[in-house]
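Participant: Sequence:
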Amino acid sequence: MAARNSFIDFLRDQIAPLGPITPRRMFGATGLFCEGVMFGVVAEDALYLRVDDHNRAAFKEAESHPPLSYEKQGRVIDLSFWRVPDRLFDEPDELIDWARSALAAAHRVAGSRAR
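If you count by numbering that gives the first Met the number 0, then the sequence shown holds residues 0 to 114, one letter each, in order.
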């Protein structure tokens, strides 16, 4: 289910220090783009941020929720986006830190695909 516009607007305000955030509806969710890469996904009014080997330890707290995934031909495909803990919405500085880390991961993933 796609996110409500009010939640997307709230997130854009919260993570505005990253730079211009562009939401794009896709596959029943909303991708969050900054600097030309997708660093986050909003699905059912939950924020998921990009995780890779470099920031996985910092996102350890997010492991309490299953990662964003989908099923294809009977297999579950992990998209490497982890749901942020709800408490971060009351901790804007920490939310920005997580978002910066996710943006860096998105750039690393994009760079590895370009090679």
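These aren't lab readings, by the way, just hints derived from the structure by calculation.
Here the structure is a predicted model, which is why all the values come from computation and not from measurement.
Yeah, the Cβ is synthetic: ideal placement off N, Cα and C, and Gly gets one too.
Treat the hints with caution; some may be incorrect.
[Claimed, not checked] Using C-beta positions, here's what the derived DEER-type ranges look like:
| no. | residue 1 | residue 2 | range |
| --- | --- | --- | --- |
| 1 | R11 | R107 | 38 to 48 Å |
| 2 | V75 | G18 | 13 to 23 Å |
| 3 | F6 | E93 | 25 to 35 Å |
| 4 | R23 | G110 | 13 to 23 Å |
| 5 | R74 | S5 | 27 to 37 Å |
| 6 | P66 | F88 | 28 to 38 Å |
| 7 | Q72 | S5 | 28 to 38 Å |
| 8 | D92 | Q72 | 37 to 47 Å |
| 9 | R55 | R86 | 17 to 27 Å |
| 10 | A15 | A57 | 13 to 23 Å |
Participant: Hint by hint, note whether the structure agrees.
Facilitator: Tested hints:
no., hint, result
1, R11 <-> R107: 38 to 48 Å, "23 Å, violated"
2, V75 <-> G18: 13 to 23 Å, "33 Å, violated"
3, F6 <-> E93: 25 to 35 Å, "19 Å, violated"
4, R23 <-> G110: 13 to 23 Å, "21 Å, holds"
5, R74 <-> S5: 27 to 37 Å, "35 Å, holds"
6, P66 <-> F88: 28 to 38 Å, "19 Å, violated"
7, Q72 <-> S5: 28 to 38 Å, "36 Å, holds"
8, D92 <-> Q72: 37 to 47 Å, "42 Å, holds"
9, R55 <-> R86: 17 to 27 Å, "19 Å, holds"
10, A15 <-> A57: 13 to 23 Å, "21 Å, holds"
In summary, the numbered hints that this structure violates are 1, 2, 3 and 6.
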